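Throw the hints in and build the complete structure from the sequences for me.
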Amino acid sequence: MSEILCQWLNQEVKVSQTVSPKSFAKSFSSGYLIGEILHKFELQGDFSEFSESRVSNAKLNNFSRLEPTLHLLGVQFDQNVAHNIITEKPGAATKLLYQLYIVLQKKKKSGLTGVEIQSMQPPANIRQQSMKSEAFRDQRLSRRRQNEIMAKIQAAIIQIPKPASNRTLRALEAQKMMKKKKEAEDVANEIKKFEALIKKDLQAKESASKTSLDTAGQTTTDLLNTYSDDDYIKKIQKRLEEDAFAREQREKRRRRLLMDQLIAHEAQEEAYREERLINRLMRQSQQERRIAVQLMHVRHEKEVLWQNRIFREKQYEERRLKDFQDALDREAALARQAKIDFEEQAIREKEIHEQIAVERAQARYKKHYTICAEILDQILDLSTKVADYRMLTNNMIPYKLMHDWKELFFNGKPIYEQASIKHLPAKPSAEQLTELDKRDLLDSNDYEEYKVLTSRE
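Residue numbers for the sequence shown, in my numbering: 1 to 457.
Simulated from the structure, these hints should not be mistaken for lab results. Fair warning: there could be bad hints in the mix.
[As the list claims (entries may be wrong)] In silico EDC-like links for lysine to aspartate or glutamate, alpha-carbon gap of 20 Å or less:
id, residue 1, residue 2
1, K302, E349
2, K200, E190
3, K252, E242
4, K385, E359
5, K89, E3
6, K367, E351
7, K14, E36
From a predicted model like this one, the values you see are computed outputs, not experimental measurements.
Here's what the structure looks like:
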């Protein structure tokens, strides 16, 4: 996924820095490149306020400006996501960029601008996004909130002006200058002490190395006897390289320690300034204190209201997700039941079809069997009739008689007499009707032969 995103960022978006999978988390930890991507898609109007610096204040400024735009696009972004990206947690920046890639591709296909996307959203979503953005700023920029509260308190203090004398102002300025000078002297003294300790350490190590060199000089003859000149020179070079590497590492540790001390000193001074400011404000009149207490109370109420609203919105969202999941489960259950019913119906129809096919095959078999039985019976009747006549007369069968038997055979009529037709009842039987049909057939044949004057032998 990182390779696909890198290809998209480097070739299509063409960001100012080349992004690779190995440095992916580090490249996006400041939030500057994310703002540049949104600016290229005309979604981040305040991109000029972004900073490429990796200082914590610059990162907070960048992500606080990114938060409303990301919520406008529907990308999941909160305090935890921002913290994971800033701390370069593996996978955090990749997940955010993948969501942003999908949203921007949809926006590119639809052709909508940032203003149109914002106008299409309902007011409730806009209010919710604004609340979330305020929440993000309140959670991520606690120090900035304190400064804002202090600014409001100072504004309230201005409403009750006090005459400020030039002497007090000058005294305060002089105290500030003295304090700065004292801080600079303290820092310089600490640096000098640290350098002195480092020099002592280096001198001790140099003296130890000299003693080791003296002992090494004493054993050179033995080494020359045991080893060749090249091996000895290589060992000396290796030892010199190790000493140089150790000095370089000590210098790096010294610089790192100095930087840590400076950072800790700045943090301590900032806390001291805040404490001095609070003490100065608390030394004001009773009315100013009452206003500060009221402001703190209002801020607390606002925080409680915001927390309650976030909790309620979270409950609403969980309820919506639960209802949606229940609806999906019901639809899945109905689909499974419909599938089972369809399969059972198909099995039943298949069984009915097989039963009908079997019945048709049996009926066809019976029909063919009866036809074949009738034909076989007629053949046997004709054969026995001929055999009986030959045995009784011992002569050839006359042509007319043979012709009549053939006509009966061809028309499917029985050759032997089935019933007597001399005395017919009012309702003749089936055998008598068959005999009448035989007689009519033979009569009609005789008449046709008489018409064409056919002679029989």
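Tested hints:
For the suggested pair K302 and E349, the alpha carbons sit about 69 Å apart, so the restraint of at most 20 Å is broken. Annotation: proposed proximity of K200 to E190 holds, straight-line Cα distance about 15 Å (limit 20 Å). Restraint check: the Cα-Cα separation between K252 and E242 comes to about 15 Å, which is no more than 20 Å; the hinted pair holds. Between K385 and E359 the alpha-carbon distance is near 38 Å, which puts this suggested pair outside the 20 Å criterion.
Between the alpha carbons of K89 and E3 the distance comes to roughly 18 Å, so the proposed pair stays at or under 20 Å and holds. Only pairs whose Cα atoms come within 20 Å are accepted, and K367 paired with E351 is rejected, the gap being roughly 24 Å. For the proposed pair K14 and E36, the alpha carbon gap of about 10 Å is at most 20 Å, so the pair holds.
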